[in-house]
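First to last, the protein sequences are chains S and L.
Numbering-wise (full-length UniProt numbering), the first sequence opens with residue 1 and increments by one.
Numbering-wise (full-length UniProt numbering), the second sequence opens with residue 1 and increments by one.
Certain hints may be false.
One copy or any two copies: either way a pair holds, since identical chains are not told apart in the list.
Stated by the list, open to error - Restricting the straight-line Cα-Cα distance to at most 30 Å, the calculated cross-link-like pairs of lysine-lysine (DSS-like) are:
#, residue 1, residue 2
1, K130, K44
2, K252, K44
3, K2, K203
4, K203, K181
5, K28, K203
6, K252, K130
7, K44, K181
8, K229, K130
9, K181, K2
10, K252, K181
11, K229, K44
12, K229, K203
13, K203, K130
14, K2, K252
15, K130, K28
16, K130, K2
17, K44, K203
18, K181, K130
19, K252, K229
20, K229, K2
21, K2, K44
Don't read these hints as lab results, they were simulated from the structure.
Protein chains: 2
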Amino acid sequence: MKKIINQPENFVDEVIDALLLAHPGWIKAATEDRRALVRADAPKLGRVGIVTGGGSGHMPGFLGYVGEGLCGGVAVGNVFSSPSSEQIFEATKAVNGGAGVLYVYGNYGGDVFNFDLASDMAELEGIDIKTVVLTDDVASAPAERSADRRGVAGMVFAFKCAGAAAERGDSLDEVARIAGKANSRSRTMGVGLSPTILPAAGKPTFTLPDGEMEIGIGIHGEPGSHRGKLETADEIADRLTGAILRDLALPKGSRVAILVNGLGATPLEELYVLYRRAAGMLADQGLAVARSYVGEYVTSLEMAGASITVMHVDDELETLLAAPARSPFFRE
Amino acid sequence: MKKIINQPENFVDEVIDALLLAHPGWIKAATEDRRALVRADAPKLGRVGIVTGGGSGHMPGFLGYVGEGLCGGVAVGNVFSSPSSEQIFEATKAVNGGAGVLYVYGNYGGDVFNFDLASDMAELEGIDIKTVVLTDDVASAPAERSADRRGVAGMVFAFKCAGAAAERGDSLDEVARIAGKANSRSRTMGVGLSPTILPAAGKPTFTLPDGEMEIGIGIHGEPGSHRGKLETADEIADRLTGAILRDLALPKGSRVAILVNGLGATPLEELYVLYRRAAGMLADQGLAVARSYVGEYVTSLEMAGASITVMHVDDELETLLAAPARSPFFRE
């Protein structure tokens with residue numbers, strides 16, 4: 001094990017401790033246990049609040065997308081575990097500015113269960129809730145069951161677009177429509193080169209022999225669609241981008257945003273090598289790259305690997321992507 | 001080997017390809033081989049140009065600190081190898097706006113040799129050159145030979161402060177004074193948990209048994225001051241921060257900036273756990289944390305590990321740290 005941690009059971013709370021200490025004026029705790037965190041300026045009266053949440057271990061995933069022009073609050077679970085419905089409910093109340101609250105989170109059983117419970121609790125208190133469940137991971141279910149797919153790095157586009165819409169004062173229906181549109185136009189494919197070790201378990205979440213890769217891996221190490229010998233960066237980019245484009249089936253001349261995301265241990269340089277080929281492939285297919293993002297956006301602790309996300313954009317989504325946004329982890 | 005690469009000999013050029021493609025309007029090539037890269041708006045007439053450079057494999061190190069309010073240009077070597085004097089000289093000419101050029105780079109033999117050669121070439125062309133060699137790595141030489149120390153993550157503070165001074169129109173003497181001041185007030189200590197594998201060699205740069213750590217490791221895997229069993233995050237933070245504070249010997253009430261930097265494979269969460277203890281230790285010593293930075297700023301490919309940098313700030317340095325800066329990898 002090569003982890004810089006203290007007692008594993010304190011891991012998440014120590015991270016929250018540090019975030020509050022390192023970035024004063026960014027977020028504040030909505031609960032005594034500090035597992036519901038909201039923008040320091042929450043609630044924004046008359047604005048839709050966006051609440052996300054999920055397990056820890058994905059930084060800057062979830063937490064990092066709370067801020068101006070992004071989400072209003074987040075419920076923070078243990079590593080790779082859903083937050084509780086109470087934590088989600090507390091975040092909901094804390095971001096509620098009277099215009100309703102949108103839940104945007106990845107499609108995982110525990111999260112769906114707890115967000116739905118929180119939604120019931122919030123509705124009882126008279127808070128309007130809408131929900132968009134993110135399902136961008138191509139490898140996790142076939143196209144005809146796309147609603148069963150998991151949510152992965154596409155969350156960045158959903159948070160950015162919905163957050164910009166909420167910030168400018170769009171209605172709950174509108175913000176929900178935009179989050180849904182961003183999700184339905186985003187596809188992600190990942191590749192894993194090494195497993196993740198959970199701090200509490202101290203053991204890998206799965207095994208992958210050295211020199212092999214898993215195409216379509218999930219951000220908790222969920223099995224993908226192909227395991228085999230590690231290929232070159234170009235071959236991997238072809239596989240990931242190819243699967244995305246087959247699923248999106250865009251007409252020539254379409255505009256896209258692309259995100260090449262590191263899962264934790266893969267150097268930034270290697271992400272750019274992947275980007276190079278993926279962008280070339282998009283151009284070859286007659287697609288125009290409107291915006292590019294390369295870096296660690298949604299991780300899986302120290303997993304080596306990467307994912308590629310492509311979102312089909314139009315004028316509306318491009319405007320929302322370009323709108324100001326600000327957290328310690330994301331700036332526009 | 002768990003690398004997402006193509007032919008190792010094309011690695012650096014493919015990364016540069018991708019950077020130019022992904023971030024249009026940020027940098028441009030000053031040479032046909034594109035190993036001298038400068039701000040898209042270079043030269044800035046009447047402004048001091050800052051040129052840095054070093055080996056590849058440290059992203060966002062070097063390259064990432066070219067931009068508005070940062071450096072003007074960079075010479076890009078092969079992985080962990082110095083750029084050539086010609087590449088440095090070409091970057092120098094391309095950023096020369098008539099107010100002189102400052103060289104700021106880490107204290108490594110090859111870099112010193114080539115920057116000195118480039119300096120001679122530039123002076124012959126009538127360009128005023130000053131040089132500040134960065135020496136923030138506490139573990140690399142004792143305090144009485146501090147000029148022999150290597151430069152590591154402290155470069156971020158030197159680039160930021162000198163870049164802000166150049167941007168506002170300070171003279172070459174002034175910008176050099178500020179870079180030197182930032183360097184002389186910065187100290188870094190690193191810890192490595194796993195080695196780096198060079199793409200071309202395909203072998204680890206050093207060996208470190210699983211479950212061990214190397215305190216004081218350099219960003220190319222240079223040996224540190226202590227090797228032993230992996231300790232807790234708090235114990236590691238104590239070791240790193242303790243060594244820094246013994247060397248800086250600051251009076252109570254001093255203000256500092258702190259940078260907790262990931263070397264490549266260490267999750268952001270673990271960097272925050274280190275930050276938590278380091279910031280606590282600074283507070284215990286009566287020091288005030290003026291600014292905090294946590295993330296991957298200067299890496300060593302996929303090395304697991306981290307470094308802590310502390311800079312003793314005053315009003316002048318705090319103003320420069322807070323000034324606007326913009327690259328795809330650093331925003332203020």
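30 Å Cα cut-off: does K181 pair with K130 within a copy, between copies, both or neither? Answer is within: at 14 Å inside a copy they meet the 30 Å cutoff, but 54 Å across does not.
From the Cα coordinates, with 30 Å as the cut-off, is the pair K2 and K203 best called within, between, both, or neither? both (11 Å within a copy, 19 Å between copies)
Check K130 against K2 for me: Cα-Cα at most 30 Å, and say if that holds within a copy, between copies, both or neither. Answer is neither: 41 Å inside a copy and 42 Å across each miss the 30 Å cutoff.
30 Å Cα threshold - placement of K130 relative to K203: Neither: 38 Å inside a copy, 52 Å across copies.
Given identical chains, is K28 near K203, meaning Cα to Cα at most 30 Å, within a copy, between copies, both, or neither? For K28 and K203, the Cα distance exceeds 30 Å both inside one copy (33 Å) and across copies (46 Å).
Within, between, both or neither: K229, K2 at alpha-carbon 30 Å: both (25 Å within a copy, 11 Å between copies)
Within a copy, between copies, both or neither: where do K44 and K203 come within 30 Å Cα-Cα? neither (43 Å within a copy, 54 Å between copies)
Between the shortest in-copy and the shortest cross-copy C-alpha distance, which are at most 30 Å for K229 and K44: within, between, both, or neither? Neither: 51 Å inside a copy, 49 Å across copies.
State whether the alpha carbon distance between K252 and K229 is at most 30 Å within one copy, between copies, both, or neither. Close neither inside one copy (33 Å) nor across copies (57 Å); limit 30 Å.
Treating 30 Å as the Cα threshold, decide for K181 and K2: within, between, both or neither. Classified as neither: same-chain Cα gap 40 Å, cross-chain 36 Å, threshold 30 Å.
Taking 30 Å as the upper bound on the Cα-Cα distance, should K130 and K44 be classified as within, between, both, or neither? Close inside one copy (18 Å), not across copies (51 Å); limit 30 Å.
Can you tell me if K229 and K130 fall within 30 Å by alpha carbon in one copy, between copies, both or neither? Close neither inside one copy (44 Å) nor across copies (51 Å); limit 30 Å.
Consistency with the previously given hints fails for numbers 2, 4, 5, 6, 8, 9, 11, 13, 14, 16, 17, 19, 21, ordered from lowest to highest.
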